[in-house]
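Residue numbers (my numbering), protein chains in the order written: chain A, 700 to 1041; chain B, 700 to 1041; chain C, 700 to 1041; chain D, 700 to 1041; chain E, 700 to 1041.
Quick caveat, the hints were computed from the structure, so don't treat them as lab data.
Treat the hints loosely; a few may be bogus.
Since the list gives no way to pick out one identical chain from another, each pair is judged satisfied if it fits inside one copy or across any two copies.
Unchecked claim - Calculated pairs, DSS-like style, for lysine-lysine (alpha carbon to alpha carbon, straight line, at most 30 angstroms):
#1 913 <-> 1039
#2 900 <-> 1036
#3 727 <-> 823
#4 769 <-> 942
#5 1038 <-> 913
#6 847 <-> 763
#7 789 <-> 938
#8 900 <-> 1038
#9 1039 <-> 1014
#10 976 <-> 1039
#11 745 <-> 763
#12 847 <-> 938
#13 763 <-> 1038
#14 727 <-> 942
#15 727 <-> 938
#16 745 <-> 729
#17 942 <-> 913
#18 900 <-> 1014
#19 976 <-> 847
#20 1038 <-> 942
#21 1036 <-> 935
#22 1014 <-> 717
#23 900 <-> 942
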Amino acid sequence: MGAAPGTITYLGNRSDTKFVVTVAEYDKDKLQLAQLTDVREIGRYKETPETTWLNIVGLADEAKIGFIGKEFGFNPLILEDAVNTHIRPKIDEYDDYIFGVFKMMYMDANNELVIEHTAMILCKNAVLVLQEMEEDVFGGVRERMGNKLGRIRNNGPDYLFFTLLDSIIDNYFAVLENIYDQLEALEEEVYNDPTPETAHKIQQLKKEVLGIRKWAFPVKELISRLIDSESSLITKETKLYLKGALDHCYEVNENLLLYREMSSSLMELYMTNVSNKMNEVMKVLTIMASIFIPLTFIVGIYGMNFDNMPELHWKYGYFMVMGAMLLLFVAMMIYFKRKKWL
Amino acid sequence: MGAAPGTITYLGNRSDTKFVVTVAEYDKDKLQLAQLTDVREIGRYKETPETTWLNIVGLADEAKIGFIGKEFGFNPLILEDAVNTHIRPKIDEYDDYIFGVFKMMYMDANNELVIEHTAMILCKNAVLVLQEMEEDVFGGVRERMGNKLGRIRNNGPDYLFFTLLDSIIDNYFAVLENIYDQLEALEEEVYNDPTPETAHKIQQLKKEVLGIRKWAFPVKELISRLIDSESSLITKETKLYLKGALDHCYEVNENLLLYREMSSSLMELYMTNVSNKMNEVMKVLTIMASIFIPLTFIVGIYGMNFDNMPELHWKYGYFMVMGAMLLLFVAMMIYFKRKKWL
Amino acid sequence: MGAAPGTITYLGNRSDTKFVVTVAEYDKDKLQLAQLTDVREIGRYKETPETTWLNIVGLADEAKIGFIGKEFGFNPLILEDAVNTHIRPKIDEYDDYIFGVFKMMYMDANNELVIEHTAMILCKNAVLVLQEMEEDVFGGVRERMGNKLGRIRNNGPDYLFFTLLDSIIDNYFAVLENIYDQLEALEEEVYNDPTPETAHKIQQLKKEVLGIRKWAFPVKELISRLIDSESSLITKETKLYLKGALDHCYEVNENLLLYREMSSSLMELYMTNVSNKMNEVMKVLTIMASIFIPLTFIVGIYGMNFDNMPELHWKYGYFMVMGAMLLLFVAMMIYFKRKKWL
Amino acid sequence: MGAAPGTITYLGNRSDTKFVVTVAEYDKDKLQLAQLTDVREIGRYKETPETTWLNIVGLADEAKIGFIGKEFGFNPLILEDAVNTHIRPKIDEYDDYIFGVFKMMYMDANNELVIEHTAMILCKNAVLVLQEMEEDVFGGVRERMGNKLGRIRNNGPDYLFFTLLDSIIDNYFAVLENIYDQLEALEEEVYNDPTPETAHKIQQLKKEVLGIRKWAFPVKELISRLIDSESSLITKETKLYLKGALDHCYEVNENLLLYREMSSSLMELYMTNVSNKMNEVMKVLTIMASIFIPLTFIVGIYGMNFDNMPELHWKYGYFMVMGAMLLLFVAMMIYFKRKKWL
Amino acid sequence: MGAAPGTITYLGNRSDTKFVVTVAEYDKDKLQLAQLTDVREIGRYKETPETTWLNIVGLADEAKIGFIGKEFGFNPLILEDAVNTHIRPKIDEYDDYIFGVFKMMYMDANNELVIEHTAMILCKNAVLVLQEMEEDVFGGVRERMGNKLGRIRNNGPDYLFFTLLDSIIDNYFAVLENIYDQLEALEEEVYNDPTPETAHKIQQLKKEVLGIRKWAFPVKELISRLIDSESSLITKETKLYLKGALDHCYEVNENLLLYREMSSSLMELYMTNVSNKMNEVMKVLTIMASIFIPLTFIVGIYGMNFDNMPELHWKYGYFMVMGAMLLLFVAMMIYFKRKKWL
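Next up, chain A with everything else stripped away, as it sits in the complex (with noise of 0.2 angstroms):
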């Protein structure tokens, strides 16, 4: 905060990770994998007459960063956005690229949810991939990268740049899924076994959602403002693909919205339950008090120590207490019953 636009500050808390460029070069008939050695190579990746895709991981070196975005002569706001793990997800067009910043998210082999920020910049020839960690979620796309009659190899530039926004806004769903995997775990957990450990799950879970959709939620006006651009960098045919992308952010969003509602609706739920649960503990308590407080009262009388009780002195004036008692007992019992608390 207070330093000038377009200063190059890494805020988020993954500087250990290393910095590495791999390279991508295909075209129709060959692809060609590498990893640079040297940053200051990779102006002549700028201008190839094959589509390039450079994989940057390692938002912490500011200064590396800050010469690749010399070399490609980008303009420094876009450097600082790339880099700003707090920026909103957004879409810029330049005349000569196009700057988008996005969040992959997916869930990590302890099934918890990661959060990697994600520049993504589209050039004429080229598209540079910022990414926070190893870990990413554009493993298919290596995968079909193989496949010489696949569309990617076949297609240019824009049409990788809207193949690995598909793959962030596809995993969204798989994030989508756990979460509901997670709702209805938590509404069985609410139904059979509510803890005071549940109410802070749901809570917990909401809090996630409100998170997710936070990211998730701009993302469907960006790839609607990219479909209306006219930006000569993105084909008419990628447009068709990026509708159906749209689809999907729209559906991300509904999903978000029900997942919201839903965990409302269990912790009222919840609610209900610990309500229903003391009225159980009340009754019991109402019961066994009602029952017992009149007849202990009853044997205090004949527990006075009066000269003058004439009952004590009946023969059987012990049993026929006893028998008083337990037809009470008997009452309170049908009464209990009628009333349906037993």
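Given the coordinates of chain A, work out where chains B, C, D and E should sit on it, guided by the hints.
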């Protein structure tokens, strides 16, 4: 996930449905029904002087669906959507055909909601319908098709397309009515005999309403776009009918909103009832305890073994205490009566 | 459901209403009232120099309504809607007539809400009104029609159409006022004497508000569209009057939103009252138990039968214990007083 | 209800206000104040070289208002609205005049909210104000009118119209401030000393906010339309002032939304406080019962009359039991202390 | 209230701030800082070849502010708004200057939120900033201004205007972060150790979020309008920077909505925790009462003084009763264990 766009992958869980294609060829004068034994013959229905309804059951046979798509020259993207049961309802217009994905919703024999994926493609001379199961909501359409003077026989494929879509929407009302009945029954249950199970049922119903809304809500906009469409495939007269269907969509959406609000209200009412019940339980407990605890204390006093307790030796001491306790009892009863706890 | 569009099917439950057609022909100089004995004569009112109000009661006689439609040359779709009591309020403009469906709402003699289906068709020289029952909200219009200098007599059918619509909307206010009164009464009840029944009544009222909104809400937009209409059937002057009606619609909608919010608030208030009552009950229980349980323990001590209990043999032991208990009682009372529980 | 449109009927409950017309004629050089003794003279203010403010108090005298309307040639519809206290705030533009209906809102001497119906008509040379009661919010305007160099005196009737409207809106802030103070006081009350009465007061305040919103909300749009108006009655300079008033309207609306949300929050907070209080009550009960019920059981054991109870005959049996009970008591106290119930 | 529009009246409560004007004159080559001793000299900064930042602290000195306004030829309306601390953030464009009102928000040394009124006026060669207190959020701007090669020095007043505005918005994030930390701390508190105080804190935080939203929400639209503005005062390049600021505004608003929802959720969670605690309390009570009340009844039986009670004379009667009670106790414990109450 991870597959290239345009890959035909059935995502539903009704893979065991047998793949069947039935054909209805008709014009003003004749109606010819048939079952297609070999999918390879489908090409000859592409251009017929009559209107053809190709009804394809079973979405799991991806190869055959791919074949049909190729025969008719459909964009692979639409075949992907046709079997993608997760996809949001949509209508896409192409130059030579209009493609739509919807959900049929109906109550089955066990009065349970069935949601069935349907894709419909309006071509120049034919309507292709792809559905997950043999069961559908088009019984009425088939019947009316037999009527030589009916509108179906005297109109082109666009009217058939409309009439199928109209049947789908009409069935939403049957589903909504069922939900309304459940809401009414649950309200009765909340009022007369609420159990923890009741809360669970309300929650389930709410989830059902939210689920239906997810599939029914987008239809409104799709039809509205169809009405504004400039495609030559839809005649002006059919658009007039579509306006009626649009009105029905509005109604469906309004009812869904209403039912959602009603189910929320019902949960609230349930909560107040639980609280009221607890209040009642507490009152019984409080009355029993408030009356008998003091009395037990009194009899306890005269159960003490002090040497010097004059009252014990009074001739009518016992009866006086009993009388006093009776008075106290009556006073208590009057007190609680006044408080309206009895 | 399942019927072809354009089929005339009455869906309401007032099939026992007798089918009656009354006619009012008028211009500046004369007013002629009549009852049509034979529906087949209706054709002659199609083109008269005077303005004609054809009031048709009873929607169950589908054949006769079909006949009227044919005589006047109406699109069959509008006759389907005219008797479809489930349909959302709508206005459809055709070349020669304007068709509208609305709900009359009024309180009957038992102060219960009546919702009556009404269709109105504005033709060049006539207004046709189709209503479910003989009762309606047009009494004032009939009266004013008698006034030779009044606006109705000096204007054409479009003014009559407006004036009938205006009467329908005006009656919404009467219904709203009734709901407001119920809300006020319920608030009084919640505050003074809430019973479980009260919660149920609030819920019923809320449902009623939601139900009315369903029918009243769309009217606003319909009138707004009528004002923007380019149909030659509506004069500029009548549009001025329609603007007033539009203002009323806005007000109706705002009041409905307000009442819905108020009924939700009321339910909340009810809940707090229930909780407060429970608090009060609990306090009584706690006070009684907290005071008498320790005292009972004390008297229990001196009811023990140990051989060696010196206090029992003290001359004033009994009185000392009684005094001590009195002190404890007083201390307890002060404690609870301080806690403001008494 | 049921009356023909254009009928002048006062619907408010302030019919006892005396009908008074005061006149202020002014231009740069002179200011002449007068009270109109005979309403029939009003015609001569229709066209004067000076600007005239005709302030008409008392809306119940429908005949006189009708007379004024006729003198000035107003559309009867606007006179109906001018005295219709139920009408939503509105501005209607006519060729020769602009008509507006608003609600003055202000706190009276007893700090209670007064809502007063006001109609204002901007003519070529005059502004007519119709108000229900003699009290109004125009004191500041009258004062400023005395200032020869002030803006009112140096501008035309449109500035007067604006300045009156501005006074009305300005007073909404005073009302809002009062509501804010009440909210703060209630929050204090909820926190320190919540009674069932508190919940009722919160509910009342919320209803008041909703009621005010009903009257204040539409004003924003009206002014916005006035700014876009092409009427020659309003100068460009006055429109600049109206923009300021529009900002105020936005603020009023935002504050009302805020206060509504705050009152809802407050009710929630009240509920948690009630629950917390109940928790406290329950803890006292549970502690008392849990400590003394077991002890009472123990003393009950040694109150039994069995022949063979060895402990009773031990020399220090009594003291041992008393000691054991003391230990139990202390253990209990420690247990509850640990649970933080004490 | 009641004052004529255009009257300069400071409404805030920081009237004790000393009125100070500091001047920064700069261009590419030089930077000259000064403090203006006499406000009357301000006129000479109106037209300078350099860019001038006039920073005016202290809004209570209405006379001096009026003087500045007159010197620069500002519309009196904007000076009214400049010192009106109640006014909603706004931007008004005039022919020769652009006027904006905003709220600086920042955490002070005690980590408490400070809201400070600020007005900014962009003229042809100067930016005037009026602020309530000496403290502000422009420290970073002043620092960067010293950098000869920095963007501020190499751009005109519109960039300065942007950069000040950007600083204000940037500080909103710091405030939001602080709120987020408080939310997290409160969630921890709700989970581990909820007290009635916790509910109060949640309520306070929610009110703070609502309050901040009031001031931050409108900024988005203002900047958006500035970007669309056709004023010659703002260069195209600065508009590019403004787009970045707009993105930040979106983010601020989304976070505010998120925090509001989170605080509501938190209150709900608090409620469930209170209910859970009550449940626990009730269980302890019920277990104690259910176990010991029946046992006390049993010992009461054998405390009765009937002449004929055979069990009393059995040799092992006492031990048998004690054994029976032990069995009952164990059975009870098992019962409650099974119910998971223990």
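Evaluation of the provided hints:
1. 913 <-> 1039: neither (49 angstroms within a copy, 40 angstroms between copies)
2. 900 <-> 1036: Close across copies (25 angstroms), not inside one copy (38 angstroms); limit 30 angstroms.
3. 727 <-> 823: within (17 angstroms within a copy, 36 angstroms between copies)
4. 769 <-> 942: Answer is between: at 22 angstroms across copies they meet the 30 angstroms cutoff, but 33 angstroms inside does not.
5. 1038 <-> 913: Intra 51 angstroms, inter 40 angstroms, cutoff 30 angstroms: neither.
6. 847 <-> 763: between (33 angstroms within a copy, 25 angstroms between copies)
7. 789 <-> 938: both (18 angstroms within a copy, 17 angstroms between copies)
8. 900 <-> 1038: between (36 angstroms within a copy, 23 angstroms between copies)
9. 1039 <-> 1014: Classified as neither: same-chain Cα gap 40 angstroms, cross-chain 44 angstroms, threshold 30 angstroms.
10. 976 <-> 1039: Both: 16 angstroms inside a chain and 11 angstroms across chains, each within 30 angstroms.
11. 745 <-> 763: within (16 angstroms within a copy, 45 angstroms between copies)
12. 847 <-> 938: Answer is within: at 22 angstroms inside a copy they meet the 30 angstroms cutoff, but 45 angstroms across does not.
13. 763 <-> 1038: The answer is neither: 78 angstroms in one copy and 58 angstroms across copies each exceed 30 angstroms.
14. 727 <-> 942: For residue 727 and residue 942, only the intra-copy Cα distance (25 angstroms) is at most 30 angstroms; the inter-copy one is 39 angstroms.
15. 727 <-> 938: within (21 angstroms within a copy, 42 angstroms between copies)
16. 745 <-> 729: within (18 angstroms within a copy, 39 angstroms between copies)
17. 942 <-> 913: Result: close both inside a copy and across copies, 22 angstroms intra and 20 angstroms inter.
18. 900 <-> 1014: neither (66 angstroms within a copy, 60 angstroms between copies)
19. 976 <-> 847: neither (64 angstroms within a copy, 65 angstroms between copies)
20. 1038 <-> 942: Neither way: residue 1038 and residue 942 sit 62 angstroms apart in one copy and 56 angstroms across, limit 30 angstroms.
21. 1036 <-> 935: neither (75 angstroms within a copy, 69 angstroms between copies)
22. 1014 <-> 717: neither (98 angstroms within a copy, 84 angstroms between copies)
23. 900 <-> 942: So residue 900 and residue 942 fail the 30 angstroms test inside a copy (36 angstroms) and across (39 angstroms) alike.
Checked against the numbered hints listed earlier, the structure breaks hints 1, 5, 9, 13, 18, 19, 20, 21, 22, 23; every other hint is satisfied.
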